[in-house]
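Here the sequence shown is numbered in our numbering, starting from -9 and rising by one per residue.
Read the hints as simulated data drawn from the structure, not as lab findings.
Honestly, I wouldn't trust all of these hints.
Between beta-carbon pairs, the in silico distance windows are [said to hold, decoys possible]: (1) Asn24 / Lys90: 35 to 41 Å; (2) Glu92 / Gln156: 38 to 44 Å; (3) Gln156 / Leu131: 53 to 59 Å; (4) Ser142 / Ile121: 18 to 24 Å; (5) Thr60 / Lys122: 49 to 55 Å; (6) Glu66 / Lys(-2): 22 to 28 Å; (7) Lys51 / Leu9: 37 to 43 Å; (8) Asp(-1) / Asp59: 18 to 24 Å.
Each computed BS3-like pair below joins lysine-lysine, with the alpha-carbon atoms no more than 25 Å apart [what the hints assert, rightly or not]: (9) Lys90 / Lys52; (10) Lys106 / Lys136; (11) Lys122 / Lys108; (12) Lys162 / Lys149; (13) Lys122 / Lys149; (14) Lys51 / Lys(-5); (15) Lys129 / Lys149; (16) Lys162 / Lys122; (17) Lys106 / Lys162; (18) Lys149 / Lys136; (19) Lys108 / Lys51; (20) Lys94 / Lys106; (21) Lys129 / Lys106; (22) Lys67 / Lys94; (23) Lys67 / Lys51; (24) Lys51 / Lys0; (25) Lys0 / Lys67; (26) Lys108 / Lys162.
Virtual Cβ for every residue (Gly too), placed ideally from N, Cα, C.
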Amino acid sequence: MTILKCIKDKSISILILLLTLITTFMFIFLVEININYIIFTEMIFLFNFILILVIDFIRRKKFYNDFIDTFSELDEKSYITEIIEIPNFIEGQILYQSLKVESKYINDITSGYNNKFKEYRQYIETWVHEIKTPISTSKLLIENNKNITTLSIEEEIDKIDDYIEQVFYVTKSDTVEKDYHKKNYILNTL
């Protein structure tokens, strides 16, 4: 945020102030008040208006610079409202609230996808366990009735079983820590 952008943003307010100063000057001049008093009064108005603009500029500049710096450093952009302070000017508050709503929306969508993924993974795990029963039964039948045909069928069933194992391990690939437990042991105590 630069001073020129701020002046451009406040151009209507500045124009209204200048028109007010000119109108006031003309009115007071027509009443025949000393020109020094008129200039002094106009300078007070102008100084106060400039002071208001400077304070507003500093406040906004600090917020927007902090916002841009923080936002650019974040890996997860949807958490911006958790990090920045709530601004003390109306446009900043509107921006903050809009980002807060957007962040909640993104989190809700992400949560929904995570829940669907968990349900899908549970479905696949259940399906794998269910399909293992007929495969095991088929293997037992083949084991009890061995001949050339059943051996060929057994090879195909083994391929199917391997594919099912691959599916099972792919669905569990993000939860491997549940399948394996790592502990430290002192070899002398074993």
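I'd like to know which numbered hints this structure contradicts. Please list them from smallest to largest.
Violated hints (numbers, rising): 1, 3, 6, 7, 10, 19, 21, 25; every other hint is consistent with the structure.
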